[in-house]
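Colleague: Single-letter residue listing:
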Amino acid sequence: MKAFTQHLTFNTKETIEFVNVTEMIEKIVSESKVKEGLCLVSAMHITASVFINDEEEGLKNDFKKWLEEFAPSGKKYLHNLTGEDNAHAHLKRTIMGREVVLAITAGRLDFGPWEQVFYGEFDGRRPKKVLVKILGE
Amino acid sequence: MKAFTQHLTFNTKETIEFVNVTEMIEKIVSESKVKEGLCLVSAMHITASVFINDEEEGLKNDFKKWLEEFAPSGKKYLHNLTGEDNAHAHLKRTIMGREVVLAITAGRLDFGPWEQVFYGEFDGRRPKKVLVKILGE
Amino acid sequence: MKAFTQHLTFNTKETIEFVNVTEMIEKIVSESKVKEGLCLVSAMHITASVFINDEEEGLKNDFKKWLEEFAPSGKKYLHNLTGEDNAHAHLKRTIMGREVVLAITAGRLDFGPWEQVFYGEFDGRRPKKVLVKILGE
Numbered sequence: 004m005k006a007f008t009q010h011l012t013f014n015t016k017e018t019i020e021f022v023n024v025t026e027m028i029e030k031i032v033s034e035s036k037v038k039e040g041l042c043l044v045s046a047m048h049i050t051a052s053v054f055i056n057d058e059e060e061g062l063k064n065d066f067k068k069w070l071e072e073f074a075p076s077g078k079k080y081l082h083n084l085t086g087e088d089n090a091h092a093h094l095k096r097t098i099m100g101r102e103v104v105l106a107i108t109a110g111r112l113d114f115g116p117w118e119q120v121f122y123g124e125f126d127g128r129r130p131k132k133v134l135v136k137i138l139g140e
Numbered sequence: 004m005k006a007f008t009q010h011l012t013f014n015t016k017e018t019i020e021f022v023n024v025t026e027m028i029e030k031i032v033s034e035s036k037v038k039e040g041l042c043l044v045s046a047m048h049i050t051a052s053v054f055i056n057d058e059e060e061g062l063k064n065d066f067k068k069w070l071e072e073f074a075p076s077g078k079k080y081l082h083n084l085t086g087e088d089n090a091h092a093h094l095k096r097t098i099m100g101r102e103v104v105l106a107i108t109a110g111r112l113d114f115g116p117w118e119q120v121f122y123g124e125f126d127g128r129r130p131k132k133v134l135v136k137i138l139g140e
Numbered sequence: 004m005k006a007f008t009q010h011l012t013f014n015t016k017e018t019i020e021f022v023n024v025t026e027m028i029e030k031i032v033s034e035s036k037v038k039e040g041l042c043l044v045s046a047m048h049i050t051a052s053v054f055i056n057d058e059e060e061g062l063k064n065d066f067k068k069w070l071e072e073f074a075p076s077g078k079k080y081l082h083n084l085t086g087e088d089n090a091h092a093h094l095k096r097t098i099m100g101r102e103v104v105l106a107i108t109a110g111r112l113d114f115g116p117w118e119q120v121f122y123g124e125f126d127g128r129r130p131k132k133v134l135v136k137i138l139g140e
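Protein chains in written order, with this note's numbering: chain X, 4 to 140; chain Y, 4 to 140; chain L, 4 to 140.
Rather than coming from a laboratory, the hints here were simulated on the basis of the structure.
Identical chains blur together in the list; that is why a pair holds if it fits in one copy or across any two.
Lysine-lysine pairs mimicking BS3-like chemistry, simulated, CA-CA at most 30 Å apart:
| no. | residue 1 | residue 2 |
| --- | --- | --- |
| 1 | K30 | K16 |
| 2 | K131 | K67 |
| 3 | K63 | K132 |
| 4 | K5 | K132 |
Remember, predicted model here, so these are calculated numbers, not experimental data.
Pulled out of the complex, with its shape left as it was, chain X reads as follows (with noise of 0.2 Å):
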């Protein structure tokens, strides 16, 4: 069994900004030389999610968008008594998701046609960090 790890930091322009790390990802699995296995990705930052869904720029706005429907960056929170003002991240990433678990078959991602890995920063513009962990053989 073998057990590959990384950490990808990440700083984005944009408070909320979709970063398509799929390549990043591809490269890590080549270097770990796991054939068989499984990957995870996820957020280590509270205020931020990995993802996945399609590289199709109208798409990510529809998201941004949608989820500020839902949890309005203006609204008032109980957390933002704390002196935050991100009580409204928190709450985007948690439709968005914290991580994805990928399978590595014949040593590569398996993947559907249109499957794409995003970083999703809901509270952006200071350095926050990405795991990839890999188990397999």
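Since the structure of chain X is provided, determine the placement of chains Y and L on it from the hints.
Modeller: Okay, now just chains Y and L, sitting in the frame of chain X:
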């Protein structure tokens, strides 16, 4: 360490449909001969889900109605300017989730009393795949 | 390869309650003696969640209020025609998620600075189980 991979194909009659796949997954776990391990079940398409909930007809309809409220199919989405009409399906799948990770203990799914695995289709009537990847011993 | 399994039982005082289980999971990881691996923590009941967020009282109350807005307990649901009154709890758990997959690196949970694991109960006051399954070496 053993790895076992299967790809299932679904072609639902309805655009939005939940298919109980628990027995299929149990059969694959049994075929894998893995006694202790983890089993990833994930939708390979980004307008479909794999999730765990209850085999109860009323609740399944509650879910469909609830998802339609939060991601209405008739709303205007930027994604649909590309010629697609399935932006709502990408949002619905996001709420329901892409994947589940199941435990295998003593050769069987280590499940609670009501856990049932569903394939959730939100833009159906064409063939779509689900991945089952088992890692263990 | 090592596999390590534990089932925890929770019986919350409140119908809706979040229990911080981070220390329990850390203890199980330590007992497993797995140095490199993956750790699944999942709710075995379909009206409960396991999720990762912040140990901050205000935010926990924001979450509860927010979930009640999107899945009101007093609304009419088809599921409740079966004699149940917990349809809302199935929906709330869906937003918060069934499971988390954690990385174990150098014998410890490989966590970001604020990551805390919670058991989320949405239909409590009776015993319910959580599964912890560790795979690694």
